[in-house]
Amino acid sequence: MRVMVLVKATEDSEAGLKPSAELTEMFEAMGRFNEELVNAGILLAGDGLKPSSEGKRVAFDGPGRTVTDGPFAETRELVAGFWIWEVKDMAEAVEWVKRCPNPMPGPSEIEIRPFYELADFGDVVTPELAERENQLRARVSGQ
Amino acid sequence: MTISDLPRTIETIFRIERVRLIASLARMVRDVGLAEELAQDAFVTALSEWPKTGIPANPGAWLNAAARRRAIDLLRRRRMLDRKHAEIGRDLTEEDHSGFEAIEAAMDDEVGDELLSLIFVACHPILTPEARVALTLRLIGGLTTEEIARAYLASEATIAQRIVRAKRTLGKAGLSFEVPRGRERQERLSSVLAVIYLIFNEGYSATSGGTLTRPVLCAEAQRLARILAGLAPEEPEILGLLALVEIQASRLAARIGQDGLPIPLTEQNRGRWDRLLIRRGLLALGRAQTLGGAPGPYVLQAALAACHARAPRAEDTDWARIAGIYDLLRHVMPSPVVDLNRAVAHSMAFGPEAGLRLLDEIDPATLAHYAPLPAARGDFLFRAGRLPEARGQFELAASLSCNERERAYLLARAGACTRRMDEFDRQESP
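From first to last, the protein sequence lines are chains A and B. By the count of our numbering, the first sequence reaches residue 143 at its end, each step adding exactly one. By the count of our numbering, the second sequence reaches residue 430 at its end, each step adding exactly one.
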């Protein structure tokens, strides 16, 4: 299953990254963690996001579109970075997240959200499908 | 965490650690079967210890140390006193006193090498291809015997026996568990790549079972290719295989129609292609090509897949480029099927006559009774306006096809030739 792993923003991340020994250390630890994810074959994508002060929001209301400039107030609900992982189940994703070095200088939170998948849209294997499968099998064995 | 969650958590941790653990133990005891048993024993120990002590800070190192202690006990108990085992025993005893930190450091250094070596062993050419597939899924993929049996529609007993035999064969062969180097590495690597692609293809176009695709096997093959590319990032063919499976898998959702039948590439809804996988595939292909050298079969096949992935619509497909890649592919992967596909690509790029010329170069004996050959010839002839000949080829293809729907499709195309001829006749007679 595919999951998005969201690193939630903190006041530090919203303030923007300033070069420091602590930050370098965190980057190194995160680099090692990313390497582990690659070697386990689960990392599909990932990146960090700039503070919400550089972001914009577009609000929808019927035909209306209202654009708001950042920063946005509700810091804990903002996203500072993300990964996309391919894991067997949520339990595996949770275990991997536990191994992640704390992505922030202070207390922080990481949220895991599964993607919608084909199987979520109903069982596609009908008896008809099984019958067609038999025909395909015949075709394949005929090659 | 509630108490009842703990066994599940431990199981998940074990699943994550298992392959590294087996790889490390296999190099130590030079026996994949024993390594797997030792890993399993360490898991059982963790299940009883961790609820009392809590989950250790580095569960991987803990499991490794526990398994190594057990290995020493076992080797001693078996009184393996020949020189080799005595040496292993001494090494182990020393290592055992060095503490978690040392083991952990050693693991970090060696883990890639050990895992790579385990993959090479599981795909060893002394095993039958079926055994390589089963052992790779079991040892590296961590699938249970039951899961493998379900994926291949075999009985559990058959798969279990296949794996037991494979382990025994490897045990008797007395392998070194070193990562092969030089010329041997290339030969062994092609076996590894073939095993992964075999797993992928069984998932992509299942030869048996109730579904046309088995995404579990595709996902497992993709994961194996990703791991391999992580471990050996300088091998263009590994990156080629990775690119190939990522791009092909990007079409999984678009490949099967509402009617349950496979949809040809050119007719698929490209909006349903997985852009993330395409991007990953194109990146891997780009890295393979940057490494240079003459492209091998996987890089070329990935390049073909990439041509389709890059085309926003079927009519945007760069057929001239595809034709050029097939010209190269037939030299590194000679096969009449490649030649047939090459002819199709040339017909799309340079017109039906070009396709017909290339079809004539294929030795008909190599593709006798192969319906796609007359079907392709029929299509070229139809497009060249040679309708009576085209009809004959479609009818021949229909008679060779074992699939009812395909046969109906080919007969419909033969019928279209007849109708087109009748139209011409009517237009010509005043």
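In case anyone wonders, no lab produced these hints; they're calculated from the structure. A virtual CB, placed ideally from N, CA and C, is assigned to each residue, including glycine. Worth double-checking, as some hints may not be accurate.
[As the list claims (entries may be wrong)] With a straight-line cut-off of 30 Å between C-alpha atoms, the simulated BS3-like cross-links for lysine-lysine are: (1) A:Lys88 to B:Lys52; (2) A:Lys98 to B:Lys52; (3) A:Lys88 to A:Lys18; (4) A:Lys8 to A:Lys98; (5) A:Lys56 to A:Lys88; (6) A:Lys98 to A:Lys88.
[What the hints assert, rightly or not] Some chain A residues well away from chain B (every beta-carbon gap over 10 Å; in silico): (7) Leu17; (8) Asn39; (9) Lys88; (10) Asp89; (11) Ala91; (12) Asn102.
Problem set entry | Asp89 of chain A and chain B, when compared Cβ to Cβ, separated by more than 10 Å | Given a closest Cβ separation of 8 Å, the condition is violated.
Exercise. Leu17 of chain A clear of chain B by more than 10 Å, beta carbon to beta carbon?
Worked result: 26 Å, holds
Problem set entry | Minimum Cβ distance from Asn39 of chain A to chain B greater than 10 Å, as the annotation requires | Non-interface label fails for Asn39 of chain A: nearest chain B Cβ at 5 Å, not farther than 10 Å.
For this session: Take the C-alpha atoms of Lys8 of chain A and Lys98 of chain A, compute the straight-line distance between them, and say whether it is at most 30 Å.
Result: This hinted pair holds, its Cα atoms lying about 15 Å apart.
Exercise. Taking 30 Å as the top limit, are the C-alpha atoms of Lys98 of chain A and Lys52 of chain B close enough?
Worked result: 20 Å, holds
Problem set entry | 10 Å Cβ clearance of Lys88 of chain A from chain B | 7 Å, violated
Exercise. Quick one, are Lys56 of chain A and Lys88 of chain A close enough, alpha carbons at most 30 Å?
Worked result: 35 Å, violated
Exercise. When you check the alpha-carbon spacing of Lys88 of chain A and Lys52 of chain B, does it fall within 30 Å?
Worked result: 28 Å, holds
Exercise. Would the pair Lys88 of chain A and Lys18 of chain A pass a check requiring their Cα atoms to be no farther apart than 30 Å?
Worked result: Not OK: Lys88 of chain A and Lys18 of chain A at ~37 Å, beyond 30 Å, violated.
Exercise. Closest CB-CB distance from Ala91 of chain A to chain B, is it above 10 Å?
Worked result: 4 Å, violated
Problem set entry | No chain B beta carbon within 10 Å of Asn102 of chain A's | Given a closest Cβ separation of 14 Å, the condition holds.
For this session: For the pair supplied as a hint, Lys98 of chain A and Lys88 of chain A, confirm whether the alpha-carbon distance does not exceed 30 Å.
Result: Judged against 30 Å, a Cα distance of about 16 Å means the pair holds.
Violated hints for the displayed structure, listed by number in ascending order: 3, 5, 8, 9, 10 and 11.
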